[in-house]
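Colleague: As given, the protein sequences belong to chains A and X, one line each in that order.
Note that the first sequence covers residues 587 to 1309 in the numbering used here.
Note that the second sequence covers residues 353 to 505 in the numbering used here.
Hint data in this document are derived by calculation from the structure and do not stem from the laboratory.
Any given hint could be a false lead.
Stated by the list, open to error - Residues from chain A that face chain X, not an exhaustive set, calculated with beta carbons under 7 Å:
1. A811
2. G817
3. D824
4. E949
What the hints assert, rightly or not - Chain A stretches covered by chain X per the calculated footprint, using a threshold of three residues with CB under 8 Å from any CB of chain X:
5. 872-884
6. 1024-1030
7. 1238-1250
By construction, the Cβ of each residue, glycine as well, lies at the ideal position given by its N, Cα and C atoms.
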Amino acid sequence: METIANSVFDSEEQQHAAIQRLSYAFELQRRDFLKALGGGVLVCLAVKNAVTQESGHTQHAASDEDLPNSIAAWLHVSEDGTVTVFTGKVEIGQNIRTSLSQQVAEELRVPLASVQLTMADTELTPFDMGTFGSRTTPIMGRQLRTVAMAARNLLIDMAAQQLHADRNTLVAADGKIRDPKSNHTISYGELTKGQQLTRVIGEDPPETAASDWHAAGASAPKVDARAFVTGQHKYTPDLVRPGMLYGKVLRPAAFHASLGSLDSSEAEKIAGVKVVRDGEFVGVVAPDEHTATKALQALRAKWNSPPQIGDSQLFEHLKSKSEPSSGEHNLHVTGDVQKAMAAAHKAITKSYTVAYIAHCPLEPRAAVAEWSGDKLTVWTGTQRPFGVQEELASAFRIPKETIRVIVPDTGAAYGGKHMGDAAVEAARLAKSAGKPVKLVWTREEEFTWAYFRPAGVIEVNAATGSDGKITAWEFHNYNSGPAGIGTPYDIPNQHIQFHPADSPLRQGSYRGLAATANHFVRESAMDELAHEAGVDPLEFRLRNLTDPRLRAVLEAAAKKLGWGKEKSSGSRGFGIAGGVEKGGYVATCAEVEISPSREVRITRVVEAFECGAIVNPGGLRNQIEGSIVQAIGGALFEAIRFDNGRILNPHFAQYRVPRFSDTPEIEVEMLDRKDLPSAGAGETPIVGLAPAVGNAIFAATGIRLRSLPMIPEGLPQAHPAEA
Amino acid sequence: MAIPLLVNGTEHRVDAPSGEALLTVLRDRLGLTGTKYGCGEGQCGACTVLLDGKPVRSCRLALGTASQKKITTIEGLAQGEHLHPVQETFLRAEAFQCAYCTSGMIMSAVALLDKNPHPSSQEIIRHMDGNICRCGTYPRILAAIRDAALRNR
Ligand code: FES
Ligand code: FES
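Turn these sequences into a full structure, and let the hints guide you.
Modeller: Below is the structure:
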C-alpha cells in the first residue's frame, strides 16, 4: 500500500524521480504484436528522452544524457489503409481520443473515421509517464502529428515510385495520393499492400501550420459517442472475466490504525467465501458482490488507532509543521519586499485557507486482476498505467515485463487516479483466489482511502503606491502546493515561497494542482488591494499588467460580461479574476445574487480562455464549461471533514458537489491563436472561478471570504470592521 | 428459488436473494452494465432505471420489489439501430465528457419527458437535481433535454 505523500509537489516529484531512474529502451523486435499487426507501414517516433519529454518538469529533469532514446509513439497503416495509432495516454473524459485522432487525420490526410487509437496498454503502447499536467495536447499531440507527417511522406515516396511521378507534385488527400499531371490516384491501402516497412524517425516540427488545419481546428464529435449514449462502453467496473470473483477489502477503523486481531470464522462459513489475509491486508472474495459484502460485514476486527488531529486544528498544524523551503524552485525573490512594504501608500496583510477536497470521479477506483501462471493482467482506471505496472511489480516482487496494465476509457479522474491502490488490492485477492477478481471501491472508500487535494494556509502581504501600482508582493503558501504560485503582474519587489508541511491526510494531485488555491488568494488579494486603492478591480489589474495575452483575456471576458455597465448592489455583485498557468490564459467574470434570506447564487459566469491554436473547439468548450461547474464545489461548499483518523462526511449526502440547480448561465469566449503552439486545457480553466465569485460576493455584501470553501454554512455575518 | 424479472421486454428468472440490489442483479447477473454504480446510496442517479415508467435508483431497490414490474434500462431504449430521441439529443449536444453519468441522465430525462413532454427549465432542473455529473456537463444536458422536448411538439 502507498504511504502518505507529504505534499502534492513532493509526491509528484518523487514519482517522477522514481520512474526516471529506469531505462525504457525496449527492442522493437521483442514486441511480438508488431508482427501481429501484419503487413503495411509502421512509423515509430524516437525521442531523445521520452521520460523528460513527458514529465512536464523541464527545469528539474534528470540529465537526459544518462537516458537512452525511447520510442514515444507509433503509427501503423495497414494493407487496407486503416490507421492505428498507439499511445500510452488515457482517455478520462478530456476527449483526447478524439482530439489526438483529429491531429493524426490532419497530418496523414485521411478521414477521421479511418483513425483508430490504441491507448494505455502497457503491452501495446509506448511508455508514457502519465496523463496529467495538461501535457497531452502540447506534447503527445505534436508527437503524433510528427509521426503522421512522416508516414505521409513515406507514402508519397512510395507513390512517386509506383506512379513514376515527381514526389513534389503529388497531393495526398482523403487517404489517397493523386498525381495532378496524369490524374492517377493510388490509395494508401494499395501502397501498403504486401509491404513490411518500419521507419524510425526523429522529432521534427509538424509541417502543417494551424492556419491550414482542416480536420484539426474544427469541432469533431467524440469518436465513439454512440457507445456512451447506449450504455455499451465498458468501463473497468463493467468488465467480466471467465470464472471471475468479486472482492472487498477490509478497511482500518482509522488512518494509520494497525490490526490488533481478526476473527474471520463467521465470514468463512458463508458458502463460496474466501478470506485473504497478508499482514495488515485483509480482504474477501465471493462468487457475487452481494455475498462479498455480507462476508466483509461478518469480519470481526480490532484496530489500534493512534490519536490524530481533526480539521479544527488543521491550519495551525500546517503552519507549525511546515519546513523552510527546500531548494530554489520553492522560493522566488526579487527586489526588497520589506523596504517596499515600509514605504507603502496602502498595504494589506491577510491570511487565507484552503480545505481538503475529494475528486469524487463518478466511476470509483476499480480493477479487474487476472493471473495466469506468473503473468498478471490488470484492467484499471488510472492516469498512470506504467506507474501502476511499477507499483504492481514492487508489491508482488515480480518483473514488470510479466505485468500488463490496460486502461479502458475511464469515468474521469481529475488528478485523482494516479495511484494503483485498487489494482494492487485486486491482484492480491486474485492471487489467493486463483481466479480473476473484480474490485470496485464503494463511494465511502472513495471518500476515505483515496487521496485529497491538499489543504493549505496562504499568507499575503502587499502594498501599492499612490499611483495605484503594486510595489510589494509577499506570498507564502503552506502545504497546498507551488503550482501557479507566481504573479503575472508587474511588481518590482516580490517574495514568493512554498512551504511543504506535514499533511494529516493523504494528499495528491487534483485538476490544476495548487493553481486553484494560489489563484484564489492572489486574485482575491488583488481585489483587496484595488479596493484599498479605490480603483476599479479590472482597471487595477490592467494598470499593473503588461502581459498582452493575459490582458487580452481579461478584456475579452469583461467585454462579454459588460463590466461596469451595472454597478454591484446589495443583492447583486460582479467579480473578476485572471491568471495564467500551464500555457493557458484565463479570465473569469462572475455575477452573484444575494437573496433577502442571504442565500448566495452564482447566476452568470463569463470566461475567456486562450491556449494557443485550438485543436477541437467543441471539446475545448466542453472542458471549459465543465471546469467552471466543477470549480463551484470547491469555491462554495466542498470540504472534507475529519477527526482522529476518520472522515466525517464520506457520502454525497454530506459532501455537497455541484448539481443542476447550482449551475449558472455560462458564456465562454475562446481566443484562437493560430500563430501559437497549442497548450493543454483540461486544468487551467478551473482556476478563475473561486476568486471571481469571492470578489463578486464582496462587491455585493462587503464581506471578504478568505477560506475555500467560502460558504459551507451559508453567508456569514459581516465582520464589524468590514461591514 | 428463481425470481422473475421483466427487463426491456424480456422475462428473466434470477437466482439471487430477493434482498440483492436491482443494480447488482442487472449488472452482474444479467450483464446489463449500462446502468452504473456511482454511490450505492441513492445520491448520484448513475443507477437510474425505469420501473413501470418511473425513474428509480436501482442501487436502493431490492430485487424482490422490482419483480413483477416492468423495468427499462439504457439498453432498452433504442429500437435496433434507431436511437431514442433523448439519446439522439444527448449525442447532438455532446452532453458528456467521461460519460459515466450518461445512462442515468438519459433515463431520468426519458422519465421526465414521458410524464411531462414540455417541461419548463425549472421543472427540468428540479427533476434532474438528483443526478450528479462530476464532469460538470449540466448546461449541455439541459440543452439536450430542451432539444428533445422541442421535438415533442
Ligand atoms: S448508484 Fe444509485 S444513486 Fe448513486
Ligand atoms: S460526463 Fe463525467 S460524470 Fe458526467
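Colleague: What are the numbers of the hints the structure violates, in ascending order?
Modeller: none
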